[in-house]
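Peer 1: Sequence order for the protein chains is F and B. For the first sequence, the numbering used here gives the first residue as 1, with consecutive numbering after it. For the second sequence, the numbering used here gives the first residue as 1001, with consecutive numbering after it.
Note that these hints are calculated values from the structure, not bench results. Bear in mind the structure is a predicted one, so any value in this text is a computation, not a measurement. Careful: at least some of the hints might be erroneous.
As the list claims (entries may be wrong) - Calculated pairs, DSBU-like style, for lysine-lysine (alpha carbon to alpha carbon, straight line, at most 35 angstroms):
no.	chain 1	residue 1	chain 2	residue 2
1	F	402	B	1074
2	F	400	F	114
3	B	1074	B	1045
4	F	402	F	114
5	B	1045	B	1127
6	F	400	B	1127
What the hints assert, rightly or not - Examples of chain F residues toward chain B, derived with CB under 8 angstroms:
no.	residue
7	38
8	199
9	228
10	255
11	256
12	276
13	320
Ideal Cβ positions, reconstructed from N, Cα and C, are used throughout, including at glycine.
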Amino acid sequence: MSDIAYINARLIDPASGLDSPGALLTKDGQIADLGPDLFASGTPEVAAVVDCGGRVLCPGLIDMRVFVGEPGAEHKETLASASDAAAAGGITCIIVQPNTDPVIDDVALVEYIKRQARDKASVRIHPMAAITRGLEGQQMAELGLMAEADAVAFTDADRAVADAQVMRRVLSYASAFNLLICHYPEEPALARNGVMNSGEIAMRLGLPGIPTQAETIMVERDLRLVEMTGGRYHAACLSTAQAIEAMARGKAQGLPVSAAAAVHNFAMNEEAVGQYRSFAKTAPPLRSEADRQAVVDGLADGTIDVICSCHDPQDVESKRLPFELAATGIIGLETMLPLALQLYHNGALGLSDLLAKMTSRPAELLGLRGGKLAPGAPADLLIFDPNIPWRIDEDGFHSKAKNTPYHGRPVQGRAWRTIVDGKVVYSDSAK
Amino acid sequence: MSDISANQPPFRHLLGIEGLSAPDITEILDLSDEYVAQNRQVDKKRSILGGRTQINLFFETSTRTRTSFELAGKRLGADVINMTATASAIKKGETLIDTAATLNAMHPDTLVVRHPHSGAVALLSQKMDCSVINAGDGSHEHPTQALLDALTIRRRLGHLHGLTVAICGDILHSRVARSNIMLLNIMGAHVRAIAPPTLLPGQMDRMGVDVYHNMEKGLRDVDIVMMLRLQNERMNGAYVPSTREYYHFFGLDQAKLSKAKPEALIMHPGPMNRGVEIDSELADDINRSVIREQVEMGVAVRMAVLDLLSRRPSNLPPIGPSGGPDGGAS
Chain F
1 MSDIAYINAR LIDPASGLDS PGALLTKDGQ IADLGPDLFA SGTPEVAAVV
51 DCGGRVLCPG LIDMRVFVGE PGAEHKETLA SASDAAAAGG ITCIIVQPNT
101 DPVIDDVALV EYIKRQARDK ASVRIHPMAA ITRGLEGQQM AELGLMAEAD
151 AVAFTDADRA VADAQVMRRV LSYASAFNLL ICHYPEEPAL ARNGVMNSGE
201 IAMRLGLPGI PTQAETIMVE RDLRLVEMTG GRYHAACLST AQAIEAMARG
251 KAQGLPVSAA AAVHNFAMNE EAVGQYRSFA KTAPPLRSEA DRQAVVDGLA
301 DGTIDVICSC HDPQDVESKR LPFELAATGI IGLETMLPLA LQLYHNGALG
351 LSDLLAKMTS RPAELLGLRG GKLAPGAPAD LLIFDPNIPW RIDEDGFHSK
401 AKNTPYHGRP VQGRAWRTIV DGKVVYSDSA K
Chain B
1001 MSDISANQPP FRHLLGIEGL SAPDITEILD LSDEYVAQNR QVDKKRSILG
1051 GRTQINLFFE TSTRTRTSFE LAGKRLGADV INMTATASAI KKGETLIDTA
1101 ATLNAMHPDT LVVRHPHSGA VALLSQKMDC SVINAGDGSH EHPTQALLDA
1151 LTIRRRLGHL HGLTVAICGD ILHSRVARSN IMLLNIMGAH VRAIAPPTLL
1201 PGQMDRMGVD VYHNMEKGLR DVDIVMMLRL QNERMNGAYV PSTREYYHFF
1251 GLDQAKLSKA KPEALIMHPG PMNRGVEIDS ELADDINRSV IREQVEMGVA
1301 VRMAVLDLLS RRPSNLPPIG PSGGPDGGAS
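Take these sequences, add in the hints, and give me the full structure.
Peer 2: Written as structure tokens, this is what we have:
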């Protein structure tokens, strides 16, 4: 009954390296078969046939870093609205961060998120749970129990664990369960009061800066702690050349480490702050052009494994404030795909390598079943045209929040169909 | 980086020195000279701002700047109202926009604003139909202070071009320093910044200044010594070890001043910490210190700025929906 054939597609599966014209068959929410020769002998006798018109068919995107206001700040974003935004952005799986109110630092709360997601969301939602209770950086949360309840990784969200002894024990303890510790690498004392990248622009604007060294020092520290403990470590988002270089050294040394970059750190640099544009106030902050280029290079050479949106919805009131008082963060679910595709269009990365950073790599790191095109895998799919030109328009967003600095930006590439469990959750109305 | 059109004479706002040209500055200073003369007469009052309303909105305590603006407005015939926002009102940051909307509905002609956060005055100006004057925003700019300093120097030494000016003290947190550095550079003066590294921004040299950490060296042969205030809470070990250590190395005294040109002038934006950044006797030395003169020039410069802004033809609301400024998308 639920068989669907997707024909006339360009199949790209970064996990296997497949990139060829072909077709794919889903059955009962799973991928049943795929390949260049599937249906070669004729139209399949199935319930439905979808002609992809030569568009790319790849695994649905996985976004490892999404902030949602539920529970506690539903006026900014709910799991349902974030889910709709994700679907429109070609994302079939979002990993929500635990800095909600209350903080997701307890088994019951992990289960609450799962329950809400199951009832309200059209895409897959997995929670990351807190590393420390209340995100306070002091006492370890119940990592093992929350992992059993399906927390896919652990993070103190937008905070770093400042105390090296606490971090050492977290990594050490987590290694027994093979848990992934996802850390926001910013030395809090050096970053204190900072609201943008340290440098000439901050100086001219009279704004306190966050030095790049705040990130470098934290990454260097964490790598030494990983060396000491063997814990699996993931830098939640790298933004500086020095920290990326440190990460490359850690990987060369064979440490169990990985890293992500936020879209905004390769799509913009600190010039976007201009005259106090609070929509360009982000975490990590927008950095210099040299650092932005280092992020692109880090993605290209594999030092950075994952691209994440850092989707962080804020209401208008919290952004329309003097820069220092304005909320941090921009929304990114509906702009991640086209902005990432700029790296493909400008020749920095091949299409399959680029998609790997939003599909197979996060799936591997988080132990998810999706993120690949293979028989038996969930039918979480994205069909998109990588070349279609359009302008980002905040009025077209599904997210409840509109805090985007990209409004009006010309981009290429957009989701045509987003499919979760074999069901279409987003269909581009333009075509 | 400024919106240039906002700074084309006649200006709509005065949000900073950045964006002004040398002729703009000269025009303001020339007009200020006229007001200095007027202010020294018995009859100081003119009516060119008659019927206009000026609101002084201060989110930070200030005596001299607010009084100076008040006097300037009244001498030009404007109705002047002072509003001081309480600390609790500032914490509720959204009240800034609300306050702007409320005040805007009262149809003021000029709004003079001081705010503890950089960029706040510019943000507020986007919500106002009237002229907005920045009376100091965070660590960003304090343009009328730089203009009054320039007027003081020009009246004493005849010109700004080619002078060497040393700015000493807490440059990191100082809006006065930023505005002065920009103005002096625009007018062709050489600027030196003298301070311990903890009180200097990391990219100071990018502002076109020579940086010194040694006061004797920095003051050598300068024409002007501009001292900045150092706030007490920054001297308890956070930025410098102690008041007495700071005074020893960076306080202006006779011995350090002797390195400057013999006729070098001493300036200070006030209020002074006597014995912290400046020797008390030097501050009162009528041959060297122009600190009181700066206060007098302040009123004249602010009258000139109010006058120039008022020449803008219309105070009518803009046509169509007011533009969507916000700190947000462009």
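Peer 1: Against this structure, judge whether each hint is valid.
Peer 2: Status of the hints after comparison with the structure:
With a C-alpha separation of about 45 angstroms, the suggested pairing of residue 402 of chain F with residue 1074 of chain B is violated against the 35 angstroms cut-off. Straight-line distance between C-alpha atoms of residue 400 of chain F and residue 114 of chain F comes to about 21 angstroms, which keeps the hinted pair within the 35 angstroms bound. A distance of roughly 8 angstroms separates the Cα atoms of residue 1074 of chain B and residue 1045 of chain B; the hinted pair therefore holds under the 35 angstroms criterion. Between residue 402 of chain F and residue 114 of chain F the CA atoms are separated by roughly 26 angstroms; this keeps the pair inside 35 angstroms, and the hint holds.
Taking the CA atoms of residue 1045 of chain B and residue 1127 of chain B, the gap is near 32 angstroms; set against the 35 angstroms cutoff, the hint holds. A threshold of 35 angstroms between alpha carbons decides the hint, and for residue 400 of chain F with residue 1127 of chain B the separation of about 24 angstroms falls inside it, so the pair holds. Because the beta carbon of residue 38 of chain F sits about 45 angstroms from the nearest beta carbon in chain B, more than 8 angstroms, this interface hint is broken. With 8 angstroms as the threshold, the beta carbon of residue 199 of chain F comes within range of chain B, its nearest partner Cβ sitting at about 6 angstroms, so the hint holds.
With 8 angstroms as the threshold, the beta carbon of residue 228 of chain F stays out of range of chain B, its nearest partner Cβ sitting at about 33 angstroms, so the hint is violated. With 8 angstroms as the threshold, the beta carbon of residue 255 of chain F stays out of range of chain B, its nearest partner Cβ sitting at about 32 angstroms, so the hint is violated. Interface hint at residue 256 of chain F: violated, since its Cβ lies 35 angstroms from the closest Cβ of chain B, which is beyond the 8 angstroms cut-off. Interface hint status for residue 276 of chain F: upheld, as the beta-carbon distance to the closest one in chain B is roughly 3 angstroms, under 8 angstroms.
For the restraint placing residue 320 of chain F at the interface with chain B, the shortest Cβ-Cβ distance is roughly 5 angstroms, inside the 8 angstroms limit, so the hint holds.
Hint violations for this structure: numbers 1, 7, 9, 10, 11, all remaining hints satisfied.
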